[in-house]
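Got chain A sorted already, so can you dock chain B onto it with the hints?
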Amino acid sequence: MSDVVEKTLTALPSLLSLDSQTVATKLSSTSKLGALIRGITELRSKHEEEKLIQRELASLKDQVSSPHTSMRQMKEAMVRAIYCEMLGYEASFSYIHAIKLAQQGSILDKRVGYLAVCLFLKENHELLLLLVNTVLKDLQSTNLIEVCMALTVVSQMFPKDMIPAILPLVEEKLNHSKEIIRRKAVLALYKFYVMAPNQVQHIHNKFRKALCDKDPGVMFASLHIYLQMIKDNPEGYKDLTGSFVTILKQVVSGKLPMDFNYHTVPAPWLQIQLLRILSILGKNDKHSSEIMYEVLDESLKRAEINHNITYAILYECVKCIYTIYPNSDLHEKAAKCIGNFVISSKINLKYLGLKALTFVIQQDPKLALQHQMTIIECLDHPDILIKRETLELLFRITNAQNVTVIVEKMLEFLHQSKDDYTTIDLVGKVAEIAEKYAPENKWFIETMNTVFSLGGDMIQADIPNSFLKLLSEGFDNEEENKKLRLFAVDSYVSLLEGETRKLPQRFLQVIAWVLGEYSHLRTDLDPAKVMTLLSKLLDIRQISSETKTWVLMAMTKLCSGEASISKAQSVCEDYRSSSDTVLRQRAHELQLLSQDPALRGQLLPLHRGSETLEVDFSLSFLDAFVSEALAAGAAPYKPPHQRHEELAQEKALSLEPYELSLPINMSSYSVSGRQSPTLMSGSSGLSGDSTELSAKGSSATLKLEGVKRVWGKEGYLSKEDPVEEVAQVETLSPLSSPNQPPGAGRTLSNAAAPSETPEPQQEKLQLASSLFVGLSLQTSVCLMGQPEPTAQRFRRKAKTPNSSSSALPERVSVAPVPTSSVDNMLSHDPLEATSMLPEVTHETILPPNTEVNALLIDTANSSPSPSNGVEIPFETSENEIAKTPKHECPVRSLPPDLLGLPHTKITSLCSSQTLDVSACHVEKDDSVSLLIFTSNLSDSDMENIHFSFSTEQLQVSLSSERPLHEILKHSNAVCEYSLTVHAPAIHFQMVGTLSYESSSQSREMEFSYKLPLSSFIRPLVISTEQYGTHWLDFSNDTKQNLALVSEGQDPLTDTLNILKRKLGLHVVEVIGLEGIAACRLAQDQPCLLHCRVNAGTLAVWLRSPVPKLPDCLLYHCQRVLEET
Amino acid sequence: MQQQIIRETFHLVSKRDDNVCNFLEGGSLIGGSDYKLIYRHYATLYFVFCVDSSESELGILDLIQVFVETLDKCFENVCELDLIFHMDKVHYILQEVVMGGMVLETNMNEIVAQVEVQNRMEKSEGGLSAAPARAVSAVKNMNLPEIPRNINIGDINIKVPSLSPF
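Chains as they are written, first to last, in UniProt numbering: chain A, 1 to 1124; chain B, 1 to 166.
Among the hints, a few may not be true.
Going by beta-carbon spacing under 8 Å, a handful of chain B positions derived as facing chain A [what the hints assert, rightly or not]:
hint: 1; residue: S14
hint: 2; residue: S56
hint: 3; residue: H91
hint: 4; residue: Q95
hint: 5; residue: M99
hint: 6; residue: G100
hint: 7; residue: M102
Just so you know, these hints were derived from the structure itself, not from any lab.
Backbone N, C-alpha and C define an ideal beta-carbon position, used for all residues, glycine too.
One chain only, chain A, in its complex shape (with noise of 0.2 Å):
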């Protein structure tokens, strides 16, 4: 069948060049749309097309809003829009009017009208909301077709605001008749899933419904649904592995319709989602992965090879036997099967069977051993696709002994490539392995080099600074490191003698580090040649400011002598008027230090040998800067994310004092980045003064007492990192310098912690077994507050502090860097502020999924129990009471001060000939007090009596004015215990036992109680305002319609009187259709209603802080509005 098409598709040319013209005149003769397509075949230009469609736009602009246009020619004009915005012109005045098309015409012009806002419009265009009235009212249409449509917009794009508007309908949709508008429900719900997993969290057991739909496409539609949930939270759904199994096993043999074969192969697409849910389900657990195993067989056994379908099975299947607990029948299948795949002569497999390869080989080598041949075929592969993925599959299996092969082809590759991602991607791979597993330091330098070249800018900021890092700290053979540097000068110089305009900015910083560090290494080296390669470097005129600071570091490093000096003079001419800040102060330095060899010597010792470097990781120098500006009325410096925070506060109520807020704190710190450089001079020379500050700062005692807070726990941990950045700054001076942004703001906030946090020795230690962690790569996202993630670049080598410090190169330049640095820093602060944004938003993004779980483990845990616990011991304690009249009925009545509040009847729990138990609840101000009655039938005491009680979702605590120990015989007794809501349910179910000693021998009997919880709602009196204030902060809602009481005159207010009457809501205000109520379930958890009556029904939205509350509540109010 595909075969004819595919003939008939490939015959289409030549039948084209003689139909077209009569098919073409054919069609344009009935309609504008075909004048125009057939006016922009005979363009020649593109200049001709754009005129020719603006006159077109233009004219279409007339027409649709012309009044007179007719739904008709609406349609049509739609339909051109349509095709100039394909084109690539914008048509942005016809968005309004498909929106009108949509709502106005007939199902015809619906559709096209639909169809345009969909091409049209962005997923929160803010004309979208216009839609949702459409939606709202196609979806409740009697026509099929209309609801297709309007399910299929949904689908499309919807505003993610508006989707409580009309989740109740989409839902309700899941229960239609037509399979094919269930269908289309379902992934509008996977839709709403993906765009606010918490709008649909109450439906989840609805999923479950359309998982068990009897119509296979139903199903088909809800395994979208149930993947990405999976996908989010795999543990939520192991119990239905077994189910997924089943229904895999029963599509493997074919126990479908034929209607659902595909090349006679039984629904491929869906055994393709169930093999991809599956291996996620089965990922490093060995029990749901022993279930898989026979279906995983069989599915293999089953494709037999003859189609592409039934490859895209088999791959699927292959990659689930190799993600989930491994079975080594089944990998050694597998093995075969991508071993097909590699070999086979269809391109599309090979790469599939390099992917495969590439996914199994950290699991199983030898794999790769078997398919070695293949593997160097597919390297000289026409296809550049291929040949990628297979340098992919290299890249996992390199090792010290094939590093150089492989690097020379991924090599061979990059040069070819043309594409900036590929690039970028493979530059980051090559230095990755070459860093890892370089054999020798010529290769390596060389392998660098080329690396550096070829990514030109686009590079990772990461792998020059890795290297840099690398070369700086060394390995621990002194010689070698020696042997490398040289290499890295030589190789560097002679670079610099050739062709310089070429290289990439990256790489022409790193080669002014290298110099400026390790020349002299080279002793027959004239360091005044070096600095005229590197002056020469400056006069280029591609090269950034930012590279002629790294040049102009470098300088500084190195004039010594004469030549160099008057060189150096020479180019500080030159820049110490530079309008670029950074630029201007480099060369006030190299200018200072030039004229100065004293100061240089001390600051840039040539041999320092092997002391430690002591650096000030508290930045204690600036404590008498940070004193004086606090005392002199400086906000005390907050870390970012605090600041943040703040700025988030801000909108609400501040209740904070003044001095804390968030401007004053901005602007000192301007003030104090513009005017460092006189600081600076001050700053260090007190540098290590601290004695006398602390008690500077004792006399402030007031506004350090502000600074402590601020650096409190909170504090600490940001404070990790800058000892990190700072060891950075001590051994890679240029490093320091404005291209590193992030390290250098938070250094800052070292610089501004007062002197009371100084440097524990224990962050050191954790420094120095975090060093000690693995050699990964991965720059992970780092969670605010967390200093790992951020750290992890320094430690690819795996070296204590103490011994890096001490194989660090012989001049270190440190005391310029603080002064410059913290000047930089000042500058870039704002610039992490920003930076932190997108990770709060990530923290805050996670706790949805896993209430949403908990939901559903819940109410599946809980639901069973209310059936069988309660009914059946009211019904034996009544007949145990109908036979036993000969006793006295114990007489029960409340305790005194119970007796005026609401309390339920006195309901028996259980009894025997001995003993009889009663319980009600009385509904107290702010709990819900439990009384049991119990009483003594015997003729002998009890003594001992005790109760207990399990209970998850309750706290149940003696109320200790009536503790109970004994019952004199024919007595009765109370017994409060007060309760407390733990976690929202609808009901709680209580299960106790007494236990008791009568005539010396110890009984015990259990007995269960239930409440609802309507018992714990109280009023909540709030106004108005204070509602609005609160409904947006509560994030767990729910909405839905329920019936409204229809019997008076108005039928909202009568509504919200028998919430009020039977659930006790204070209802705050009724405005025209729309009412809202407050409640609350203790003192601290609100519930807020929100109804509004729409087409007969009263829309409910309940929201509140506490999860569960919302939809427990609204079953209540359901229930009661259905019982009246």
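Coordinates of chain B only, in the frame set by chain A:
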């Protein structure tokens, strides 16, 4: 942006020979390494799908095949001009195959049936001007087709531990 993606995609795809694989890594243009271009080449036409890693490569290739076969059925021997002059219809057909970015239907007959209902609707609108009331009611009463799937349907037996209502 969209234009740029289309242009560069075409640039990439049109350069490729027939003897190379049907997948392409789009790179930064389409959002990174998680995304892929999967295409099929029919005469002068390229059908390109951009998918993320949650789709099976070969599965999508066959989905394109299904899509093209459906086009062929719906337009009766489809040619480029059909697609150009009726790009709205192409969109409607595509909407039945892929909805909101997810595969909705892979069964060609089912897709064709859905599209045919819509076509019938269109024809009935041809007479709308003549007898509006009649036509409208005809549209209202029209039902979506459902291909009989009753064969064997009882056999698929899915056991899912269901959640009780609450």
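Comparing the hints with the structure gives:
1. The restraint placing S14/B at the interface with chain A is violated, with a minimum CB-CB distance near 15 Å, outside the 8 Å limit.
2. Evaluation of the S56/B hint against chain A yields a held restraint, the C-beta minimum of about 5 Å falling below 8 Å.
3. For the restraint placing H91/B at the interface with chain A, the shortest Cβ-Cβ distance is roughly 5 Å, inside the 8 Å limit, so the hint holds.
4. With 8 Å as the threshold, the beta carbon of Q95/B comes within range of chain A, its nearest partner Cβ sitting at about 5 Å, so the hint holds.
5. Contact between M99/B and chain A, as hinted, is supported at the beta carbon level, the nearest pair being about 5 Å apart and thus within 8 Å.
6. Contact between G100/B and chain A, as hinted, is supported at the beta carbon level, the nearest pair being about 3 Å apart and thus within 8 Å.
7. Given the 8 Å rule on beta carbons, the hint for M102/B holds: about 5 Å separates it from the nearest Cβ of chain A.
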